[in-house]
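Chemist: Below are the chains, spelled out letter by letter.
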Amino acid sequence: MKVPAAFRSTKGIAGVIVVVAVLAVAVFAPLLIPADWATRMDMRARLSPPTWAHPLGTDQLGRDLMFRVLLGAQTSIFIASAAVLMSIVIGLPLGLVSGYVGRTTDNVLMRLVDTLLSFPALLLALTISAILGPNLQNTIIAIGIAFTPFLARIIRGEALRVAQMPYVEAARTAGNSDLRLITLHILPNIMPAVIVQSTISLAFAILAEAGLSFLGLGTQPPDASWGLMIQASRDYLDRAPWTALVPGTAVAVTVLGLNMFGDALRDALDPRARGAA
Amino acid sequence: MSYILNRVFSMMLTLFLISAITFAVTNILPGDVAMMIMGTQSNPEALAGLRETLGLNDPLLVQYGRWVGGMLTGDWGSSLVFKEPIAPLLLQKMTASGLLVLFSMAIALTCAIPLGVWAAVHANRWQDTAASSTAMLGVSLPDFFWGIMLILLFARGLGWLPSSGFVDPGDDLGAAVRHALLPSLALGLGLMAHLTRMTRATMTGILKQEFIRVARAKGLNESTVVWRYGLANAVGPVMTVAGLQVGYLFGSIIVIESLFNYTGMGWLTYQALLNRDIPLIQASVFVIAAVVMLANLIVDLLYAVVDPRIRLS
Amino acid sequence: MPIDQEPLVSVDKLRVEFRGEDGPIVGVENISFSIAPGETVCVVGESGSGKSVTSLSLMRLVEFGGGRITSGRLGFSLNGEQIDLAQTDSETMQAIRGDEIGMIFQEPMTSLNPVFTIERQMTDGLRVHRGLSRTKARARALELLQQVRIPEPERRLTQYPHELSGGMRQRVMIAMAMACEPRLLIADEPTTALDVTIQAEILALIDRLKRETGMAVLFITHDMAVVAQMADRVVVMYRGKLVEEGPVERIFAAPQEEYTRKLLAAVPRLGEMRGKPAPEPMRLVGEETAQASPTPIDAAPEPLLKVSNLTTRYPVKGGLFRRTIANVHAVEDVSFDIGRGQTLALVGESGCGKSSCGRSILRLSEPTSGQVLLDRTDILALNNRDLRRRAWRDMQMVFQDPFASLNPYMRLRDQVAEPIRNFAIKTAGTVEDRVAELFDRVDLPRSFMSRFPHELSGGQRQRVAIARALAVNPKLIIADEAVSALDVSVQAQVLNLMMELQAELGVSYLFISHDMAVVERVAHRVGVMYLGRLVEIGSRQQVFENPQHSYTKSLLSAVPVADPTQRNIRDDLNFRPIPSPVFPLGHIPAPSIYDEVAPGHQVLRAQMGLGLD
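Protein chains in written order, with full-length UniProt numbering: chain A, 1 to 277; chain B, 1 to 313; chain C, 1 to 613.
There could be a bad hint or two in this list.
[Stated by the list, open to error] Straight-line Cα separation of at most 30 Å, BS3-like style, residue types lysine-lysine; simulated pairs:
id	chain 1	residue 1	chain 2	residue 2
1	C	Lys-426	C	Lys-306
2	C	Lys-262	C	Lys-241
3	C	Lys-475	C	Lys-276
4	C	Lys-13	B	Lys-208
5	C	Lys-276	C	Lys-262
6	B	Lys-208	C	Lys-241
[To be verified] With the Cβ distance kept under 8 Å, some of the chain C side facing chain A (calculated, not the full set):
id	residue
7	Leu-362
8	Leu-364
9	Trp-392
10	Asn-407
[Unchecked claim] Label pairs and their in silico Cβ distance ranges:
id	chain 1	residue 1	chain 2	residue 2	range
11	A	Pro-4	B	Arg-156	44 to 50 Å
12	A	Ala-14	C	Ala-139	42 to 48 Å
13	C	Glu-152	B	Pro-114	23 to 29 Å
14	B	Arg-125	A	Gly-157	28 to 34 Å
15	A	Ala-35	B	Ala-20	33 to 39 Å
16	C	Val-582	B	Ile-310	17 to 23 Å
17	A	Leu-269	C	Glu-63	48 to 54 Å
18	A	Arg-161	B	Pro-114	30 to 36 Å
19	B	Thr-134	C	Ser-165	42 to 48 Å
Read the hints as simulated data drawn from the structure, not as lab findings.
Think of the CB as a built atom: it goes at the ideal place given N, C-alpha and C, for glycine as much as any other residue.
The shape of chain A in the complex, shown without the other chains:
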């Protein structure tokens, strides 16, 4: 099979490399690196700048930042993926039903979705997390709920577009039931949009998790995520800026990789969007 042109561009290749690398770290780092390497406190080397012993420096408790970042990848990626998965699981049927059934169902559902979209996603996630009590599981729920309206909106638009295509009408006259029509003819044709949107949402979810944890309303110690590391660094910015820069760079590189990957994916899957940034 031919590699689509979008993945032969620098952007596409870089995106694939970063995404694969980050996923590899998230999966294998906890298997290869003993957990206590990230929690071992070196009291003589607190807030140490990068040295041979600690290539990326240490935090206020003298914990090695390199190992913390590598091990934190799993938490951040897990939360983001679970949240996006949750928003797809809720948003996909909502959007499909709204777009396919139309009429009153569509009016009511979309009015609700539009209203939810008035709430800034981060505010919604923060509020839900604060109310439920911040922890790893509730962070997933909070981000998942906050992202659902976006997905539902996009899927509904796609379902509406596809449902009007002649091939769907042809399939209808070919005797397909509504269920077959949706699963065999509509769903496959909106999947490209769903996949692209999921990739972009994943990038946003990583940012959201970092934001939540940064404010202390996301992941809680002893779970270690990148956002939490940045939060911990806040009081030491003057003396040890690397404590913020190291996890911050990890977030940025991951999100950048996902965005590049998502862009290339969109170019490859959706010829209409070709030429978009």
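With chain A's structure known, arrange chains B and C on it following the hints.
Modeler: Below, chains B and C alone, put in the same frame as chain A:
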């Protein structure tokens, strides 16, 4: 005229839904306001008494009715943390945040539009690659990361601007602007990157349109073709995206204001969330959602000004 | 007629390349022809022939689309001097564009900038090239609008493009291109997107302006009929190469090249079926002649399909709560029969309701009232389940756009097999065998069965769509503009296939089309629609040879004939614009009353509120 009436009515309906969602979200928690006021260790009888006085034993629908009624009559209740009436508190903080949002939007738009158009004109050449890569990097950095970098550079490093605090423009305009500058920049840089990408995408599409070819066939020079014929068509879509980003900004201010200790709406909401100050959470979440909706309504109405096709329908 | 003097344009060995994924792609090569002052040269070819690339190269606009002129000369006589447009710097080119050479494009809907007024768009060229002041430019714009005969020109200047109809926009485009009195007008498929009556108007207008001003015209088109009407000389192109060139009469009477002969054979000529009672397949060059269908004209007295008083209205939503505020009367009191093994063609211009009519019969759009009887089954009375089992078991549809009528994510085998499985159609062998047989029947190789739609050409896809429709052994196939999107040679093959299938299987067609020449080929009976009504219906000969309704007459008079000896472009045509089919909620239209002028030939009684004389 009927269009505007229609929109206003639709807005009322949305406001009502916003209040319902706000109330629902803040009532899913196991504890309640009485517990928060008196603490978990309090005497159960006193707690029950307070619940009775606060009406917490009433059905949720009645509580919701009371809450909406209070909002409508101007009684927004008191904050549990700040021990102050909520309405004036929100008004003051919203002004502070409004300043940030306007500043960052202005910074973002003035840079994003020329940059995006420039990238679109040179699509797939080095100018485009440079602009698009920078923008891509920009949208990938978390806002607080921008904030931290700005603090390190301008406040700690160069010492040009204060790194924290809020000054009321009424007291000292110069100081107010100086305090607002870094947080606005932190908000604006990410926004700028996003709007650059949008402008580029929109303009790339427009430059492929037939009327652009017609404009060239008329013998107009390239700058007229791009900056007049092209851009005039991009204003509407870019404005719409900018309007949608107001929502994003009001999410980001929570992070940025607490990072910069800028005591605006975001900071206030954060304090309310941290302390589970339910009346304040409800009021500020409602107000933020309402402001975001209003911003989008204004953008919709402005769209009709820049696009004659909307004007008539 | 070519005038014996120095040519205005002389294209010599033009070669244009485009950047491709894997190295440059040749757009056109070795193209040479010339245009004399005052002459109309038509460049004709099917899609992908490079005809537009040629015209865009002359304007040097091809560079903005990623193309590059790699060799050849584009001679142009400027102020008595010959210059090479291929070598001209961009400032000089800007001065020539819109001044010496004007250009109009295919899509009047997208050629005008939607956010600027007509005045602004008409005057900016004048201000650049002529340095006119705002008021003088406005006066000139007004004069131009009068020249192209637009009603209420003053008001048009203040309007925006979306407030004008397609025909009017194309007039504005022409006025704009004429602003600086160019010596060459390039028209790139200027009438392709327009209805046939509007096309006739625009062709007449271009022809008149050419005669009045003495400018030369380079006319790009895919339509041989338009060529026959407009050209002095013709350049035939195929796949980026020039096939042949010559005076229009010679090209049509004695084409030298095989490709030109094939192309001309595939073009139906209005009027060539005169006197013939039954449809006839086209005689294509290099293919065995398809069998003419032995037509069972009303062999069975009972018609297969009986449509009575069919009415379909679509609600227009608006206001608070998106209530219905008006109705589009898409189909209004339409009645007709289709006999077994027969083809009824519904013709009319866009928006006349012919497609809605077809969709209503299948209930893809829900009719408001009326009756549809298919073999005595009352289609409109069926519930959803029976609709599937009984209506669609016997009636199938072939859609217009071959690129949208097949599911891109499903193998062709499965798409053709779907109706067989869903309706549990009895087959001699396996379902797979039946699908293979259907592929044979529509002349597609069996190897295509495991392919996906994107691996096929437009014509091949349309064959798959026909195979899918045939899978249920339907009694009736509704073909909604089924050949309109195809190139003319492919169109002829698909038409012949459809006629063959009718002869073999006895299937009936409801053939919906805007193309009168195609309809004359395939139809037994013809119904003419206008504003939701059937204004005239009769046998093909009755309608084409003895049209009675004024609309049918004007429609037929507007169709260009693919024969340069039968030019029907008159000085200036101005057809009455079609009124809006949107009516307020309570509106009750008058019923359709017909006069039977001959057995089976019915004409709508005049003055049915149609705005016709």
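Chemist: So, for every hint listed, does it hold in this structure?
Modeler: Verification of the supplied hints:
1. Using a Cα cut-off of 30 Å, the hinted pair C:Lys-426 and C:Lys-306 holds, with the two alpha carbons roughly 27 Å apart.
2. As the CA atoms of C:Lys-262 and C:Lys-241 are separated by approximately 16 Å, the hinted pair is consistent with the 30 Å bound.
3. For the hint linking C:Lys-475 to C:Lys-276, the alpha-carbon distance of about 26 Å falls within 30 Å, and the restraint holds.
4. The straight-line distance between the Cα atoms of C:Lys-13 and B:Lys-208 is roughly 28 Å, inside the 30 Å bound, and the hint therefore holds.
5. With a CA separation close to 23 Å, the supplied pair C:Lys-276 and C:Lys-262 stays within the 30 Å bound.
6. As the CA atoms of B:Lys-208 and C:Lys-241 are separated by approximately 26 Å, the hinted pair is consistent with the 30 Å bound.
7. Taken as an interface hint, C:Leu-362 checks out: its beta carbon lies about 6 Å from the nearest beta carbon of chain A, inside 8 Å.
8. Annotation: C:Leu-364 was flagged as interfacial toward chain A, and the flag holds, the nearest CB pair being 6 Å apart, inside 8 Å.
9. This hint holds: C:Trp-392 has a C-beta 5 Å from the nearest C-beta of chain A, less than the 8 Å allowed.
10. With a cut of 8 Å, the hint placing C:Asn-407 at the interface with chain A holds, because the nearest CB-to-CB distance is about 5 Å.
11. A hinted range of 44 to 50 Å for the beta carbons of A:Pro-4 and B:Arg-156 is consistent with their spacing of about 46 Å.
12. With their beta carbons about 58 Å apart, A:Ala-14 and C:Ala-139 fall outside the hinted range of 42 to 48 Å.
13. Remark: the range hint 23 to 29 Å for C:Glu-152 to B:Pro-114 is contradicted by a beta-carbon distance near 40 Å.
14. The hint said 28 to 34 Å for the Cβ distance between B:Arg-125 and A:Gly-157, and at roughly 32 Å that hint holds.
15. Remark: the range hint 33 to 39 Å for A:Ala-35 to B:Ala-20 is contradicted by a beta-carbon distance near 45 Å.
16. Judged by the Cβ atoms, the range 17 to 23 Å given for C:Val-582 and B:Ile-310 holds: they are separated by roughly 19 Å.
17. Distance hint check: the CB atoms of A:Leu-269 and C:Glu-63 are about 30 Å apart, inconsistent with the given range 48 to 54 Å.
18. In this structure, A:Arg-161 and B:Pro-114 meet the distance hint of 30 to 36 Å, their C-beta atoms being roughly 33 Å apart.
19. Between B:Thr-134 and C:Ser-165 the beta carbons are some 46 Å apart, a value that agrees with the proposed interval 42 to 48 Å.
Going through the hint list in order, the structure does not satisfy hints 12, 13, 15, 17.
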